[in-house]
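Chemist: Chains as they are written, first to last, in the UniProt record's numbering: chain A, 1 to 290; chain B, 1 to 253.
Careful, some of the hints might be misleading.
Chain A is nowhere near these chain B residues, computed Cβ spacing over 12 Å in every case [what the hints assert, rightly or not]:
# : residue
1 : 113
2 : 199
3 : 201
In silico DSS-like links for lysine-lysine, alpha-carbon gap of 27 Å or less [stated by the list, open to error]:
# : chain 1 : residue 1 : chain 2 : residue 2
4 : A       : 225       : A       : 282
5 : B       : 182       : B       : 217
6 : A       : 225       : B       : 116
7 : A       : 276       : A       : 225
8 : B       : 125       : A       : 225
9 : B       : 73        : B       : 63
Think of the hints as simulated: they come from the structure by calculation, not from any bench. Using N, Cα and C, we set each Cβ at its ideal position, and we do this for glycine too.
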Amino acid sequence: MTYTAWIILTAALVGLSCGVIGVFLILRKTAMMADAISHTVLLGIVIAYIVTREVSGTAMLIGGILAGVFTAFLVQWLHSLRVQHDAAMGIVFTTLFAIGVILIATSVGNAHLDVQHALMGEITFIPFHMITLPFIGAIPEATALLLLVLAVILFFIIAFYKEWKITSFDPALAASLGIPVILMHYLFMGLVSVTTVASFDAVGAIMVVAMLITPAASAYLWTDKLSFMLVLSGSFGVVSAVTGYYIAAWIDTSISGSMAFATGLVFMISFIFSPKHGLIAKRVRPAETM
Amino acid sequence: MATPILQVENLSASYRKNTVLHDINFEVNGGSLTGIVGPNGAGKSTLLKTILNLHPSLTGSVKFFGLPFIKAKKRIGYVPQRGSVDWDFPTDALDVVTMGLYGQIGWLRRPSRLHKERAYEALDKMGMADYANRQISQLSGGQQQRVFLARALVQDADFYFMDEPLAGVDAATERAIMTILKELKAIGKTVMVVHHDLQTVEDYFDHVLLLNRTVIKHGKTEQIFTRENIANTYGGNMRWMGEEQRHAVHSIE
Numbered sequence: 001m002t003y004t005a006w007i008i009l010t011a012a013l014v015g016l017s018c019g020v021i022g023v024f025l026i027l028r029k030t031a032m033m034a035d036a037i038s039h040t041v042l043l044g045i046v047i048a049y050i051v052t053r054e055v056s057g058t059a060m061l062i063g064g065i066l067a068g069v070f071t072a073f074l075v076q077w078l079h080s081l082r083v084q085h086d087a088a089m090g091i092v093f094t095t096l097f098a099i100g101v102i103l104i105a106t107s108v109g110n111a112h113l114d115v116q117h118a119l120m121g122e123i124t125f126i127p128f129h130m131i132t133l134p135f136i137g138a139i140p141e142a143t144a145l146l147l148l149v150l151a152v153i154l155f156f157i158i159a160f161y162k163e164w165k166i167t168s169f170d171p172a173l174a175a176s177l178g179i180p181v182i183l184m185h186y187l188f189m190g191l192v193s194v195t196t197v198a199s200f201d202a203v204g205a206i207m208v209v210a211m212l213i214t215p216a217a218s219a220y221l222w223t224d225k226l227s228f229m230l231v232l233s234g235s236f237g238v239v240s241a242v243t244g245y246y247i248a249a250w251i252d253t254s255i256s257g258s259m260a261f262a263t264g265l266v267f268m269i270s271f272i273f274s275p276k277h278g279l280i281a282k283r284v285r286p287a288e289t290m
Numbered sequence: 001m002a003t004p005i006l007q008v009e010n011l012s013a014s015y016r017k018n019t020v021l022h023d024i025n026f027e028v029n030g031g032s033l034t035g036i037v038g039p040n041g042a043g044k045s046t047l048l049k050t051i052l053n054l055h056p057s058l059t060g061s062v063k064f065f066g067l068p069f070i071k072a073k074k075r076i077g078y079v080p081q082r083g084s085v086d087w088d089f090p091t092d093a094l095d096v097v098t099m100g101l102y103g104q105i106g107w108l109r110r111p112s113r114l115h116k117e118r119a120y121e122a123l124d125k126m127g128m129a130d131y132a133n134r135q136i137s138q139l140s141g142g143q144q145q146r147v148f149l150a151r152a153l154v155q156d157a158d159f160y161f162m163d164e165p166l167a168g169v170d171a172a173t174e175r176a177i178m179t180i181l182k183e184l185k186a187i188g189k190t191v192m193v194v195h196h197d198l199q200t201v202e203d204y205f206d207h208v209l210l211l212n213r214t215v216i217k218h219g220k221t222e223q224i225f226t227r228e229n230i231a232n233t234y235g236g237n238m239r240w241m242g243e244e245q246r247h248a249v250h251s252i253e
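Sequences and hints are given; from them, build the entire structure.
Modeler: Okay, structure coming up:
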């Protein structure tokens, strides 16, 4: 495959994984946890690098999961000590992110990791790190990692579909039925973390937030059915990623920036034209809201 | 009388550092319909949540059918306050009712057609069959409450806890819900309902639990629901609610 094909495939995989997992971020009203986790996984990745002394996919995934779940745990803990929820989030993620930045500057120095890369990603470099897998052949490491993570996410979402639905809609009922609401919360935070880690190389910590939240927020405007919302959100993610690549190629600018911009465009279009909740629909038939 | 199916002993609970409930002791017999009544901030919702293990208790023990909650949970149904969920969630009425069956369906299984049929029957019972496929945000407050009731019915529990099911609903829904509650009682189920309207307590409930951070009085409505006990529960604020309005009701009769 050509470099361009690998880059577009990787971007599409980022869009798909983030789009699917983002649906539950929106529905659980924890969209900003994505922001927090996307920053703190940096710390997890740096520590994984310090421990193993190599930039390997698995070590990064494990470091990222631990950092993400640790973030969720700290936020919950501070909140239980009467710190407001959003403030708790702000305190935890900036502190952990800062530790990550300091570690990069002091201990990791010259390596593959640098802050610029961590924040913005560099999808054009992805085809330079090829690995060889059985059956598949040569594939960029980041793309392979994304495929693995996508499989994991889809497995968990499909296997526990009704549990995700009920714990998102009515956690009190879920708990009274004996569904482990808190465990599901941390499992979900773990899934957000792996998605973020896998997308890190491609789009970086800041743009991954756009990929997680905006396609799902757009899909929310188009449908009243959860399963369709998942499909739609994943598709919006893919469309934004691919469109973003071509915008970047066209005006010769940052690919991850263009991808995030494309998600914004999709949202704008949804906000105006969606048949159910769009601005125009509301203008045309304002009375039919009840 | 049968042995009590709910025994609450020395229960206390707090929100953050404020103790909301203390020294709660009461027993409930099977087949009763109990109204939990008390002023705002008396801890009515917290009492339900603490009994059902949804809110941590500081002290005390709760036994259902002589067992701890974990072992009895399949026989217990809970109807949270309508305002506790997001009605813009992308789902329809039938799906919400089906959620009542998720505990029985179990892990890694999808709701079957049989489950959907049972959910539909429960909706039908609440007069909501025509709205089965309606997006939940398009239902009125009363209809949403009926969906919640249908979800509780489909659980087929023996003991129901309901948090303000009659708050902010239309008269037809209130009648429909009370009919169902009396039916549940008639087939031997036990129901505890957080209730806010003092004027209807005598008509609706055979037992009443007067609560203001602790149990003020608990027992048969005709013995317990007296002016004096209500005054003790509501403190100085009850004068206008109790005396004058009750008086007005009587004069209409």
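Chemist: Hint by hint, note whether the structure agrees.
Modeler: Each hint, compared with the structure:
1. In this structure residue 113 of chain B is separated from chain A by more than 12 Å, as the shortest Cβ-Cβ distance comes to about 15 Å.
2. The non-interface label for residue 199 of chain B is consistent with chain A: the shortest C-beta to C-beta separation is roughly 29 Å, beyond 12 Å.
3. For residue 201 of chain B, the shortest C-beta to C-beta distance to chain A comes to about 25 Å, beyond the 12 Å cut-off, and the non-interface label holds.
4. For the hint pairing residue 225 of chain A with residue 282 of chain A, the CA-to-CA distance comes to about 20 Å; that is within 27 Å, so the pair holds.
5. The hinted pair formed by residue 182 of chain B and residue 217 of chain B meets the criterion: a straight-line CA distance of about 23 Å does not exceed 27 Å.
6. Of the pairs offered as hints, the one joining residue 225 of chain A and residue 116 of chain B holds, with about 16 Å between alpha carbons and a cut-off of 27 Å not exceeded.
7. Among the hinted pairs, residue 276 of chain A with residue 225 of chain A is consistent with the structure: their alpha-carbon atoms are about 12 Å apart, no more than 27 Å.
8. Straight-line distance between C-alpha atoms of residue 125 of chain B and residue 225 of chain A comes to about 25 Å, which keeps the hinted pair within the 27 Å bound.
9. With a CA separation close to 11 Å, the supplied pair residue 73 of chain B and residue 63 of chain B stays within the 27 Å bound.
Violated hints for the displayed structure: none, as all numbered hints are satisfied.
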